[in-house]
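First to last, the protein sequences are chains A and B. With the working numbering as the guide, the letters of the first sequence map in order to residues 4 to 251. With the working numbering as the guide, the letters of the second sequence map in order to residues 4 to 251.
Hints were generated in silico from the structure; no laboratory data involved. Each hint should be verified, as a subset may be incorrect.
Treat identical chains as interchangeable: a pair holds within one or across any two.
Restricting the straight-line Cα-Cα distance to at most 25 Å, the calculated cross-link-like pairs of lysine to any residue (SDA-like) are [what the hints assert, rightly or not]:
1. 183 x 88
2. 11 x 125
3. 248 x 185
4. 248 x 188
5. 183 x 134
6. 248 x 134
7. 38 x 127
8. 11 x 118
Number of protein chains: 2
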Amino acid sequence: MERFERLKLTVAYDGRPFSGWQSQPNRNGIQDHMKLAFAEILGRPVILHGAGRTDAGVHAFAQVAHVDVPYGKYALRTWTAALNAHLPSEIRVLNCTRAREGFHAQYSAVGKVYTYRIWNHPIHHPLEIGRSWHVAHPLDLDAFLAARTLLVGTHDFASFAANRGVAEETTRTIYYIQIKRGRELLTLEFAANGFLYRMVRMLTGSMAKVASGRKPVDWIDQLLAEPGKQKANTTAPPQGLYLLKVFY
Amino acid sequence: MERFERLKLTVAYDGRPFSGWQSQPNRNGIQDHMKLAFAEILGRPVILHGAGRTDAGVHAFAQVAHVDVPYGKYALRTWTAALNAHLPSEIRVLNCTRAREGFHAQYSAVGKVYTYRIWNHPIHHPLEIGRSWHVAHPLDLDAFLAARTLLVGTHDFASFAANRGVAEETTRTIYYIQIKRGRELLTLEFAANGFLYRMVRMLTGSMAKVASGRKPVDWIDQLLAEPGKQKANTTAPPQGLYLLKVFY
């Protein structure tokens, strides 16, 4: 019987050239490129799981994936180098370790951190194209902070999730939302035990709506009080979003 | 007789899609795009001068240009908006003011600041492609600092200039070279009363050669001592270079 070992990969990517993390019929998912790199190296297909899907255009500093490969085939450093030699330059394996017994990139995850970048200035900076959401009108920082206070903690976030046709538990705990305001750049960092589908983008879109004065902060309260009855219905674009860290 | 006014424009760009600042036969110079935007707005060609040429792939946070337009045609804010409506999104006019009498973007400049970014890690980060020079081997910070000490001040920098077939004075004063080292990112900031053709890239390439251990720091001294006799002959790639500021 063939022995396998499970690798844990830390992967960074620029989301722009790809159709999101998940395998796609067009084979341009980041997962497709990863699987192809393994298949080229091993001469046979592999099953590869990511910590979570990221949409097309969303970036990652440290997505995590696991994969089973024949035991002892290569040293861990060799795996990193070999994978990077087969991957497009916009996807890089930053680190490769041997996973502990029973490790699963998705199911073992106990928390995630995402960053969302907003360029808040009448003119979008050329070096920010594809890397931030351009909001030309002023955003009120106090309104952001007020919305943040309501969102942090354990809530049913059904109103802040896009439907993807799967019934799932919609309660999550947001540990913190850190808000940093520079001259033009507004950075939101979200840490939670997990996020629903498009939740970070819907949270960001909703907070920005309040900070634009188009909704009162009470609206956030209503969305939380009656989960899923009304949807936030405002989703910040993918290019401002970065998967920063997965905790295990 | 028609009256004109001189506009001073502050322009940011991502250098990647263009053939450098200067007008080109392929019309893909940033200057070409700027001139085209004016021609479309005014219905006739303009003469437009930049503070200095940047090579293909070099970025700008604040290139400066001047242009003469019919007096009082538009308010300054309208110029900014109209130009940005006609320019590719990778070029943005950030600011438009009325230039003082006799102002010339190139000849009135008394100083410039450039930044050069080096990603010093075995793996180039996907979000750094086209935005930094990837140097995979270790660079010694002390050697960088020693080279810096030799370069700052007034010197004949002929050994650190690419020939472009024009005889020019090659003495310049470097006010400072600030070196910041993060975990992977090494940032060099150069301020001088002016730079020769490709000088920042040749200074960076030379300092990196010393920091790689491929040349002793004395080599910098020799290049300075016998200007132009020997060329530094090592030019850091354009994508790490950013024009940060022009002083008048």
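Checked hints:
1. 183 x 88: neither (37 Å within a copy, 30 Å between copies)
2. 11 x 125: between (43 Å within a copy, 19 Å between copies)
3. 248 x 185: both (23 Å within a copy, 19 Å between copies)
4. 248 x 188: Answer is both; intra-copy 21 Å and inter-copy 19 Å each pass.
5. 183 x 134: Answer is both: 17 Å inside a copy and 24 Å across each meet the 25 Å cutoff.
6. 248 x 134: Both: 18 Å inside a chain and 23 Å across chains, each within 25 Å.
7. 38 x 127: between (36 Å within a copy, 21 Å between copies)
8. 11 x 118: within (23 Å within a copy, 37 Å between copies)
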